[in-house]
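**Student:** Respectively, the protein sequence lines represent chains G and Y. Residue numbering for the first sequence follows the working numbering, starting at 122 and increasing by one per position. Residue numbering for the second sequence follows the working numbering, starting at 62 and increasing by one per position.
Everything labelled a hint here was simulated from the structure, so no lab data went into it. Keep in mind the model is a prediction, meaning the values are calculated, not measured. Accuracy of the hints is not assured; some may be wrong.
[Stated by the list, open to error] List time: in silico SDA-like cross-link candidates among lysine to any residue, alpha-carbon distance up to 20 Å:
hint, chain 1, residue 1, chain 2, residue 2
1, G, 380, G, 303
2, Y, 800, G, 143
3, Y, 871, G, 236
4, G, 143, Y, 286
5, Y, 655, G, 255
6, G, 259, Y, 871
7, Y, 278, Y, 309
8, Y, 800, G, 446
9, G, 255, Y, 396
10, Y, 336, Y, 522
11, G, 199, Y, 396
12, G, 255, Y, 522
In case you want the letters, here they are:
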Amino acid sequence: MKQFFKYSILSLLAVVIGSCKKEVTQPTVTNISGHKVYSAAELNSIATCTNSCAKRFTQDVYFIGVVVADEQSGNFYKEIYVRDRYNTGAMRLDFTQRSSFFIGDSVRVNLKGLDVNLNVDTDILEIDSLDYEKFVIKFASGAKPQPRVLSIAQMNSNLSTYLGDLVQLTNVAFTPTDANQYWSDPIGQYSLNRTIQDCDGSQLIVRTSNFADFALEKTPTGNGTLMGIATAYQGTSQLAIRNTAEANMNGTGCTIYIKKDFEDNSLTSGGWTQQSVLNGSILWTASSFGSDKFGKISGYLSGNTNSENWLISPAINLAASANPVLSFRTAAKFAGDQLELWISTNYSSGAPSTATWTQLTGFALSPNNPGNYAWTASGSISLNAYKNANTRFAYKYKSTTAGSTTYEVDDVIVKEN
Amino acid sequence: MVKKLVTVVFVLLCADFLAQNDSTDVKENTDSLSTKFNIPLFSTSGGDVDNDLEQQDVSSLLASSRDVFAQFASFQFGVGRYRLRGYMAENNMIMVNGVNVNNLETGFSSWSSWGGLNDVTRFVEQRIGITPNRLGFSGVGGYSNIDSKASSFRKGTRISYGYGNRIFAQRLMVTHSTGMMQNGWAITLSASTRYGNEVYIPGTYFIGSAFYASVDKRINDKHSLSFTGFGAPIQQGRAAATTLEVYELANSHYYNSLWGYQNGKVRNSQVSSAKRPMLMLSHLFKINTAEQLNTTLFYNFGKTGFTSLNWNDAPNPRPDYYRYLPSYYYDMGDTVNGKIWENKWANEPNTTAQLDWDRMINMNRSNLTSSGTRARYILENRIENLSNVGINSVYSKRAGELFITIGLNANMQKTRKYKELEDLLGASYWLDVDQFAENLGVEESFAQNNIETPNKTIEQGEKFGYDYSININRAEFWGQAEYTFSKMDVHGSLSISNSSIWREGFVANGKFPTTSKGESAKMNFLNYGVKGGIVFKIDGRNFITANGAFLTRAPEANNIFISPRVRNDQVNGVTDEKVLSGDISYLAKYPTFKFRATYYNTTISDQTWLRTFWSDEFNNNVNYIMTNVDQNHQGIEIGVEKTLFVSHTIQGALGMGQFLYKGQPTAQAWQDNNNKSLFAERTVYLNNYRIGVSPQLVTGIGYRYSGKKFWFAGITFNYFDQVYIDPNPDRRTAEALTKYVSTDPQVNLITEQEQLPSYYTVNFNAGKSLRIKKKYFLNFNLSVNNLLNNKNIITGGFEALRWDNSNISKFDNRYFYMTGTTFMATVNFNF
């Protein structure tokens with residue numbers, strides 16, 4: 122027994138040996154805490170700096186963010202988009218070869234030896250021709266970057282902050298001509314632009330590469346949300362989607378029959394006409410104030426005049442419509458006759474008197490006495506009684522020597538309510 | 062007291078009081094890596110297993126004459142790649158009839174040299190650790206001497222047949238000994254044949270034969286002469302380790318990437334062969350009853366070969382090349398190609414999971430040029446032709462309690478290494494140029510492997526590629542004194558040796574026209590060794606021993622050259638290796654109880670390490686060299702045996718070690734086809750990484766019953782733990798991590814060492830002896846390994862030397878699986 126005890130002790134010693142684990146000596150690795158990590162906003166100001174400033178980094182400084190678009194679907198190729206970890210914006214990383222970064226990967230770019238620029242076409246903050254194996258490290262994965270939820274107007278009004286970032290546009294549908302169409306053209310090998318619009322009638326181009334693996338799928342016909350990367354082409358905003366699963370557009374509603382926003386600076390585009398009934402010098406014109414464009418008419422011509430002039434919409438096919446409504450907005454100044462709204466189902470051309478017109482009332486107009494060009498939304502005007510294949514409406518403007526109001530009309534929309 | 066002891070041991074083990082360590086160890090892996098990951102999976106074990114079996118049927122599992130721990134290490138832990146004290150081969154001296162047979166260049170001795178000669182190699186004297194040795198100056202690992210002379214064998218004939226499912230399926234051995242005859246002659250002849258085809262691993266095979274002849278002549282009382290010659294030619298189709306992904310794709314842990322169908326027949330691309338006989342002539346001079354002089358002349362010569370695919374301007378033919386695996390595509394997010402490859406592995410195994418010989422041949426046949434069909438694929442044979450001639454002389458004298466031994470030995474070893482074209486695979490020639498240089502379109506002479514025969518077209522059987530020899534001349538003088546006192550024994554030994562090492566090139570390579578052909582400078586290494594020890598005899602049953610040794614030795618010859626295949630230039634900073642070692646043991650020897658516990662601590666420093674791997678990037682070999690590689694091996698060995706009621710015996714063994722790299726070696730790397738180094742001085746942070754050659758914790762317990770009618774049965778349970786994958790040095794450098802910051806997960810992924818899961822095995826053996834008509838003996842033996850048929854045991858693996866610091870899983874670790882249940886049954890007939 123004594124012996125057994127002795128040997129047990131020896132065995133115990135052996136166990137003790139095993140328990141002393143020796144630590145390996147690791148080479149020194151950069152500690153990031155001593156290094157500047159730039160935000161997208163900071164890089165943006167460096168990129169846009171014009172006064173002979175250095176755009177190339179010479180130190181180990183970093184940009185850190187989460188991948189919001191990868192190369193999986195083929196709509197992006199040799200490039201990824203990364204949202205900055207400070208949430209100040211996003212950056213495009215243009216690679217010399219296909220990468221294997223995925224959405225949700227947390228990446229760090231060592232900027233030493235690189236320069237940042239704004240892309241000449243898109244204005245997106247970017248690093249061009251990057252060898253990702255050298256400069257970009259994926260240090261985590263699985264993040265779920267959420268889109269910035271916006272309307273088209275919101276995106277447009279602040280485009281520079283969204284460029285390159287993941288956005289989700291709400292309440293949008295492809296225009297009737299672009300719905301149920303191929304996303305892109307891999308056969309002819311062209312990237313294609315498709316247009317979406319929202320219920321305000323704001324439109325946006327969705328551009329898709331012919332290399333996207335969904336190029337031969339068809340655009341949805343309904344209304345809903347569409348997610349993608351906010352981009353631009355020479356100042357005009359665009360959207361590039363990551364995959365079709367993020368086109369959640371199965372809803373109904375928001376069918377737009379016509380829209381006239383005068384942004385093309387044309388009075389007659391889209392088939393609009395004007396018919397002067399009295400005094401051919403007083404005409405509707407396309408006009409603007411600041412960046413805002415609209416249609417305008419005034420009976421004041423070296424003094425108040427007598428006039429009557431109809432601005433007539435193109436024929437609208439409402440035969441199959443369900444609950445069509447008309448809306449627009451007006452601005453007015455100076456006392457005079459109020460603008461009138463008339464509707465017809467049998468007008469074709471020429472003098473308004475050649476057709477039967479019914480006056481529409483019960484909508485808001487901009488106050489005109491004295492008025493100060495306060496834009497006023499009309500509210501929805503039901504066209505339920507006019508579901509005809511040849512429905513037209515017209516703005517009837519009248520002035521007299523007693524008073525000539527100046528009217529501005531904009532954002533005329535006929536849509537499903 | 063106990064507490065104190067514990068503390069002392071703890072301090073001993075945890076403190077780096079010998080701040081050194083070792084690392085040349087990974088030799089076998091090396092070879093594998095150097096040949097594009099062709100792993101000699103069962104290469105040496107082929108011989109080992111064979112040998113083990115035979116050992117078992119002569120001296121049984123629990124033979125008390127041998128050290129219990131050593132027995133476990135040989136017969137039980139071997140399957141787990143256990144190495145005594147974590148030592149590589151150069152630390153263990155293997156001798157045949159007192160002649161050191163460790164290869165001077167590699168330090169390695171292959172048991173396959175006498176595989177199949179079990180009848181005549183069964184008398185092995187083995188001692189482990191620092192120990193007196195009357196045959197030669199052995200190092201820190203100890204020595205084994207196979208005593209194999211005609212006069213050692215009893216008169217008789219023995220026929221033995223073995224059947225099993227390990228390396229070979231069948232073995233037949235015949236041995237006849239005359240014994241010492243009246244006329245002073247003794248003759249022993251032995252021959253055997255072994256054969257196996259796809260015995261366990263698909264695509265493998267084994268063909269071996271062995272011949273042995275020994276003639277002793279006792280001239281008179283003083284003089285006797287002895288001749289012994291043996292050879293064991295073998296040819297073996299190999300298996301290779303691969304990644305876990307591939308094992309899974311192939312749905313087998315015994316998947317072997319090295320074979321494929323050619324014309325519907327299985328063909329292995331990696332065949333190793335050896336024909337390397339040894340001849341020895343000894344003269345024993347018994348000067349008087351106290352003195353004798355034993356002198357042996359020996360000659361060891363012959364070729365080993367190793368076939369491998371080579372290719373030019375064609376896709377990599379290896380089925381487990383990383384670009385043929387789904388993960389390569391999935392990693393990139395390319396699910397289309399990922400699926401395609403997954404389907405190919407599942408549905409087209411013959412052309413995807415295995416080599417497609419027919420396709421290679423078709424591609425060769427279609428590659429028409431003005432001078433015939435130029436091979437895109439060939440099978441090459443890497444030959445090493447050895448010639449080692451030497452003399453070994455040992456004088457010994459007993460003077461009372463003093464025993465003195467003095468020895469002198471000298472060797473001239475030359476190993477010529479070249480490639481031979483084994484098979485053109487349907488093409489009419491192979492062009493002997495550096496493919497990478499050729500593809501670059503550089504100056505023509507630059508691309509030549511041999512500028513004297515520019516653009517030589519190589520036909521079947523011709524030499525090509527490289528052709529050089531490594532030459533070593535070594536002479537050693539040593540002496541030993543042992544003295545026996547009443548309460549203690551002491552021993553001490555000294556050795557002094559000189560090695561001269563040089564390379565000789567036989568072709569002038571276009572990249573190194575002036576440094577590739579002819580002899581290199583000779584490097585001389587003057588080495589010495591000293592060791593000593595003491596045995597305290599507490600009483601007749603209890604002993605304490607303590608030993609120490611310090612020695613220097615020449616570095617491994619092949620590692621001295623930065624690109625040994627092509628040029629004479631030597632690695633800067635090569636020095637002698639230093640070995641410092643000590644051990645202390647307690648032994649108890651009672652009739653029914655035996656016990657040994659040993660603590661050892663060994664530091665091996667200043668080693669030079671060279672590994673060659675194929676780089677797709679450079680389309681050439683890259684030589685990765687480290688100097689100042691240090692290792693420390695320490696641990697405890699315990700062996701215990703208890704006999705209960707005569708016929709029941711229980712044995713136990715515990716080996717608990719810590720085999721570590723120490724310090725920070727310096728690395729450099731060179732391509733075979735460029736005179737600029739890839740890098741010159743890189744610090745490798747290897748300190749405290751585990752050496753990956755052996756499990757560092759093993760333990761086993763065995764029980765044996767011996768029946769009265771000459772039969773026995775034994776069962777053994779073994780446990781293996783602390784198994785590590787040897788670190789790829791380049792992953793442990795600052796350069797490997799430059800683009801990362803400390804918080805990145807990659808830092809650990811790159812630097813962390815993989816520890817494999819622990820595992821256990823159960824082995825069984827039994828035997829029965831019969832005596833017929835009082836004249837004949839019949840023995841039956843059965844040994845069964847891995848009785849539980851566990852097929853999920855990973856015994857080892859390695860990190861690829863080629864790696865990608867952006868994607869560590871691209872070149873995944875490769876692993877070896879232990880075979881499931883295997884058995885070997887033998888029957889011996891003696892008359």
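**Student:** Which numbered hints turn out to be false for this structure?
**Tutor:** Those not satisfied are hints 1, 2, 3, 4, 5, 7, 8, 9, 12.
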